[in-house]
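S.K.: Counting from 1 along the sequence shown, just add 401 to a position and that's the residue number in our numbering.
A few of these clues could be false.
Said to hold, decoys possible - Calculated cross-link-like contacts (lysine-lysine; reagent style DSSO-like; alpha-carbon spacing at most 30 Å):
#, residue 1, residue 2
1, K565, K588
2, K632, K620
3, K612, K504
4, K504, K620
5, K538, K580
6, K598, K612
7, K620, K556
8, K480, K598
9, K420, K556
10, K480, K614
11, K604, K565
12, K588, K556
13, K538, K588
14, K614, K604
15, K598, K580
16, K556, K480
17, K565, K580
18, K604, K632
19, K598, K481
20, K620, K598
21, K538, K556
22, K620, K636
23, K504, K598
24, K504, K636
25, K538, K592
26, K588, K598
27, K588, K628
28, K504, K632
29, K588, K480
30, K604, K481
31, K481, K556
32, K565, K538
33, K565, K612
34, K584, K538
35, K632, K612
Please keep in mind that the hints were generated in silico from the structure rather than gathered at the bench.
Being a predicted model, the structure only gives us computed values, none of them experimental.
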Amino acid sequence: MEMKDNWKYLGDILSSDGKNDANIRERVQRGLGAVTNICQTLSDLCLGPYYYEAAIILRSSLLLSTVLSNSEAWVNLTKKNIEDLEAIDETFLRNIFCGAHAKTPLETLYLETGCVPIRFILKSRRLNFLLYILSDKEDSLLSNVFRAQCDNPVKGDWVNTIRKDLEELEINLSFEEIKTNTKEQFKRIVKEHVNEKAFEYLKNLQQTHSKAKPIQYEKFSLQNYLKADNKLTTKEKSFTFAVRTRMQ
402 MEMKDNWKYL
412 GDILSSDGKN
422 DANIRERVQR
432 GLGAVTNICQ
442 TLSDLCLGPY
452 YYEAAIILRS
462 SLLLSTVLSN
472 SEAWVNLTKK
482 NIEDLEAIDE
492 TFLRNIFCGA
502 HAKTPLETLY
512 LETGCVPIRF
522 ILKSRRLNFL
532 LYILSDKEDS
542 LLSNVFRAQC
552 DNPVKGDWVN
562 TIRKDLEELE
572 INLSFEEIKT
582 NTKEQFKRIV
592 KEHVNEKAFE
602 YLKNLQQTHS
612 KAKPIQYEKF
622 SLQNYLKADN
632 KLTTKEKSFT
642 FAVRTRMQ
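Kindly produce the complete structure, drawing on both the sequences and the hints.
M.R.: This is the structure:
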């Protein structure tokens with residue numbers, strides 16, 4: 402029988418050492434291709450004032466779906482794995498601002514567009530998958546694996562990761578309490594907590610950069626000057642972004 406260090410299964414690269422490095426490297430390459438395709442699409446279409454709103458939609462529908470497919474089941478991600486995925490997202494956000502300066506504070510890319518960083522999207526996907534597992538038949542393979550991890554936890558396993566997600570997002574619900582929620586109810590709870598914590602995380606980062614620190618953000622959403630009802634051209638909006646982030 403042939404021995405392999407890794408193999409591909411349902412779109413993911415599984416490694417014999419349990420690490421995610423090979424899988425993340427492939428996702429990064431696929432993400433770079435998605436960034437190129439989206440930017441080309443935005444360039445080809447005459448979107449006018451809808452440019453930034455369209456860019457955010459394409460980020461969710463094409464870039465994130467490419468980079469994060471199956472991510473709800475990933476375990477043992479390292480800090481570098483997550484940073485590598487976020488680097489692709491940040492490349493895209495810089496590109497839509499006409500190649501924002503390399504020294505533009507990263508948090509302003511997210512705060513100006515209202516985009517949630519990938520580290521929080523991963524938590525959201527895992528938690529929504531948790532409700533799916535809890536609602537599954539008790540004798541299903543997923544349920545059996547889940548219960549086995551609950552009974553015999555191992556550092557870095559999926560259940561421990563989920564418990565950490567719940568703690569960090571301050572969702573104070575037990576698995577049994579989560580199970581009583583409908584899909585729509587729990588999805589709303591997760592979204593509210595993810596947005597709140599992402600906003601808090603980004604504003605804390607903002608305080609560490611002198612050029613970004615003076616900008617006031619009242620809510621976590623696409624800023625008004627980037628919206629379709631603002632009649633500035635795309636170039637004028639990009640220039641406004643540069644001025645606001647003190648990089649022009």
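S.K.: It remains to establish, for every hint, whether it holds in the given structure.
M.R.: Hints, one by one, checked against the model:
no. : hint        : result
1   : K565 - K588 : holds, 18 Å
2   : K632 - K620 : holds, 22 Å
3   : K612 - K504 : holds, 10 Å
4   : K504 - K620 : holds, 24 Å
5   : K538 - K580 : holds, 12 Å
6   : K598 - K612 : holds, 23 Å
7   : K620 - K556 : violated, 36 Å
8   : K480 - K598 : holds, 18 Å
9   : K420 - K556 : holds, 14 Å
10  : K480 - K614 : holds, 25 Å
11  : K604 - K565 : holds, 22 Å
12  : K588 - K556 : holds, 27 Å
13  : K538 - K588 : holds, 20 Å
14  : K614 - K604 : holds, 9 Å
15  : K598 - K580 : holds, 23 Å
16  : K556 - K480 : holds, 16 Å
17  : K565 - K580 : holds, 18 Å
18  : K604 - K632 : holds, 28 Å
19  : K598 - K481 : holds, 21 Å
20  : K620 - K598 : holds, 12 Å
21  : K538 - K556 : holds, 26 Å
22  : K620 - K636 : holds, 24 Å
23  : K504 - K598 : holds, 25 Å
24  : K504 - K636 : holds, 19 Å
25  : K538 - K592 : holds, 26 Å
26  : K588 - K598 : holds, 15 Å
27  : K588 - K628 : holds, 26 Å
28  : K504 - K632 : holds, 28 Å
29  : K588 - K480 : holds, 26 Å
30  : K604 - K481 : holds, 22 Å
31  : K481 - K556 : holds, 18 Å
32  : K565 - K538 : holds, 25 Å
33  : K565 - K612 : violated, 33 Å
34  : K584 - K538 : holds, 16 Å
35  : K632 - K612 : holds, 27 Å
Hint violations for this structure: numbers 7, 33, all remaining hints satisfied.
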